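There are 2 protein chains.
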Amino acid sequence: MECMKWTLKRSTELVDATLASVEEIVQQLTTCASLTSTRDPTMFENYWREHGDSCTTTILGWQRMSYYANSKQFFFVQTELDQVIRSLHDVIGNAVTEGRHIVIGVGSTQLFQAALYALSPPDRATPTKVVSVAPFYSSYPTITDYLKSSLYQWAGDASVYRPQSDDSYIELVTTPNNPTGEVRQSVVSGGAGFPVHDLAYYWPHHTPITSPADHDLMLFTVSKSTGHAGTRIGWALVKDLKVAQKMAKFIELNTIGVSKDAQIRAAHILRARIGAKQLFHFAAAEMSYRWQRLRSVLTKGTRFSVPEFQPAWCTFFGEIRSPAPAFAWLRCNEEADCERFLRHSGILTRSGGYFGSNTSFVRLSMLDRRASFEILIDRLEKLQSAVDMS
Amino acid sequence: MECMKWTLKRSTELVDATLASVEEIVQQLTTCASLTSTRDPTMFENYWREHGDSCTTTILGWQRMSYYANSKQFFFVQTELDQVIRSLHDVIGNAVTEGRHIVIGVGSTQLFQAALYALSPPDRATPTKVVSVAPFYSSYPTITDYLKSSLYQWAGDASVYRPQSDDSYIELVTTPNNPTGEVRQSVVSGGAGFPVHDLAYYWPHHTPITSPADHDLMLFTVSKSTGHAGTRIGWALVKDLKVAQKMAKFIELNTIGVSKDAQIRAAHILRARIGAKQLFHFAAAEMSYRWQRLRSVLTKGTRFSVPEFQPAWCTFFGEIRSPAPAFAWLRCNEEADCERFLRHSGILTRSGGYFGSNTSFVRLSMLDRRASFEILIDRLEKLQSAVDMS
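As they're listed, the protein sequences go chains A and B.
If you're matching positions, the first sequence starts at 1 in UniProt numbering and goes up one per residue.
If you're matching positions, the second sequence starts at 1 in UniProt numbering and goes up one per residue.
No lab work stands behind these hints: they were computed from the structure.
Some hints could be false.
Anything over 12 Å on all C-beta distances counts as not near chain B; from chain A, calculated [what the hints assert, rightly or not]: (1) 292; (2) 306; (3) 312; (4) 354; (5) 356.
Computed footprint of chain A on chain B; a stretch qualifies when at least three of its residues, placed anywhere within it, have a C-beta under 8 Å from a C-beta of chain A [to be verified]: (6) 148-161; (7) 245-257.
Chain A is faced by these chain B residues, among others (derived, beta-carbon under 8 Å) [stated by the list, open to error]: (8) 56; (9) 60; (10) 66; (11) 107; (12) 110; (13) 143; (14) 231; (15) 260; (16) 262.
Since the model is a prediction, treat every value here as computed from it, not as a measurement.
Cβ atoms here follow ideal geometry from the backbone N, Cα and C, with glycine treated the same way.
Using the sequences provided together with the hints, build the complete structure.
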């Protein structure tokens, strides 16, 4: 944020700057380029600039004014969005939609909270425990606990959680995982548990699609499938009607539904995505390139390491593919505080501590704009050289 | 909902129906017309059909993809929406914006929860009490308590609430009030309290604008000012930067910001509203007409009564005006369960019991489409005649 303010302020000063200060400003602007974005999927922006004509959204002044939409089941859901989501999953083959109810939310963040609300029995003496195998998505603990609900409570690493016979718990299974990228399955057994599968990254540009996911409650989001994070639309595929209805009740109490303008735009974007095979190829090629670039730099030294992934047959591409996750789970092999070390070199990451891991790890976004990604790679390369020369 | 399903199903059957069944279907469709909407501000739809050309919203495929917007203060707020809100209040004269921070939410419902989060000290042994003078907005108790937060808790009618010296509480002041329409001020004193002013209905078509509202935390919403409920945009005017920042933090944790598509559309709509004086005249004339119609029917008998309001000088219209609230707080003078009685006659309302009052009252929406409103008036008239003839 400081960097953004600096950039805005200094940009206006360029007009009457001396040559020396221009150089300093340009240097600072370049540094800022890789510092200002850590989770924003701006990688896709160029694609949509070139191919986005088919999904321009136009809304007239009098359209979609009502709270109510046209879904027969959930009052605030636009039927066309429900339909296009089903078609998209059919085309990609990444999730079963037959016999599933679709609940729309303001991003999958809201749907995650809707799931906690729907799956926590209201009459328990103690809150339902919420667990996930570490390293887990860093927002899970915060979002679970910020309202100090007595319905549910964060209980940490699922791999060490042992429920008693009637303990109520929810296991969050993120697959492929944020931040590590590996494919996961639920691990907790016993008690009265329910898994929630967060499949935000189960798209062919990030991981081989091995079969349609077929779980009781699955979360997806527009931001990770097309890059349109600002539209704030996510969806849940839910097997049990009562669970879906209670999730929809949460959305009603929380925000009286979801912006219909955003739903209409999401429907346009996802429909364009179905029709445009080249987007999948663009995104997959871009992610493969980035991971190759990253690995080629990291193998030049021993300062950093990232996980290895097993290639697998991808039913969507019809070939064997390597995973190319949205984040690199980077380990500093020599520094105890990897985030701090990288920040000093102009690389902004998120420390492993936030993910239930230790501070020698960081999560590094692979989804920034291409120019920022190249700056990032250059800086990592310089850090490798620096240690090799010492 | 049943009625909607029936309508959809039967509409498709009209093609091959006999004359008798067509009559039955038309009758049922007419009944449904006044039953399907209780809080939807669809009254404005016709206006925007005729005058909405200036606020058509077009969004290209590549635009506004990022989570982040262009506000320097709150990462997810579009600056153009912030600016147009300030201009709107300047033109209407209904709120002070100077020295205020604007926080955008998914409707004022989300901002209400953001305010509870921001104003409840996190370290108290007991939850902050949330109170409002009865009759109060029926969603306040439900929305306060649905997550069983230990930060805050609904504590009922503010007029009987007596805080101890260091009790933490929040008083919700809805003015003009939903459901009763009267102008209100905060009533609780002592303790460590903070008033939240819900000004959703403080617009010149509902109540005379007597002076710019000048409170510490004020809530407004697009749905009640232009009728665009489906866009889901509300705003808070907040004096204290730390409170505004904590509200913005809630919005971030709850939904990672607010749809930028919805923000852009809201900015277009509100800008059109500033430029188009005729909308205020349309809405004010329509509301005056409806209240005159309602009162003229109710004075024909003694079965029902509604509150009387004092006219006052409206600075916006520059004349003395009578309030014309969005809801009529209707009393059945002979029936103990007014909601049930009206439902049997095809009039859907919300019982006084939900508003902290008794069941001889109901809240009746005055904002439905004109045709539905006329059906409503006809039915009330028939009910009056029925009792007079008996």
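Verification of the hints:
With a least beta-carbon separation of about 25 Å from chain B, residue 292 of chain A lies farther than 12 Å from that chain, consistent with its non-interface assignment. With a minimum CB-CB distance of about 25 Å to chain B, residue 306 of chain A clears the 12 Å threshold, and the non-interface call stands. Under the 12 Å C-beta cut-off, the non-interface status given to residue 312 of chain A relative to chain B holds; the minimum distance is some 30 Å. Listed as a non-interface residue, residue 354 of chain A keeps its Cβ farther than 12 Å from every Cβ of chain B; the least gap is roughly 14 Å.
Consistency note on residue 356 of chain A: stated as away from chain B, and its beta-carbon is indeed over 12 Å from all of that chain's, at 18 Å minimum. With a cut-off of 8 Å between beta carbons, the region 148-161 of chain B has 4 residues touching chain A; three or more are needed, and the interface restraint holds. Three residues within the 8 Å Cβ limit are the bar, and the region 245-257 of chain B against chain A gives 6, so the coverage statement holds. Evaluation of the residue 56 of chain B hint against chain A yields a held restraint, the C-beta minimum of about 5 Å falling below 8 Å.
Of the supplied interface hints, the one on residue 60 of chain B holds, with its beta-carbon coming within about 5 Å of a beta-carbon of chain A, less than 8 Å. A cut of 8 Å between beta carbons decides the hint on residue 66 of chain B: the least distance to chain A is about 5 Å, and the hint holds. Interface restraint check for residue 107 of chain B: the shortest CB-CB distance to chain A comes to about 6 Å, inside 8 Å, so the restraint holds. Interface restraint check for residue 110 of chain B: the shortest CB-CB distance to chain A comes to about 5 Å, inside 8 Å, so the restraint holds.
Given the 8 Å rule on beta carbons, the hint for residue 143 of chain B holds: about 6 Å separates it from the nearest Cβ of chain A. The criterion of a C-beta within 8 Å of any C-beta in chain A is met by residue 231 of chain B, whose closest approach is roughly 6 Å, and the hint holds. Satisfaction of the interface hint for residue 260 of chain B is found here, the shortest Cβ-Cβ separation to chain A being roughly 4 Å, below the 8 Å cut-off. The beta carbon of residue 262 of chain B comes within 4 Å of a beta carbon in chain A, closer than 8 Å, and the hint placing it at the interface holds.
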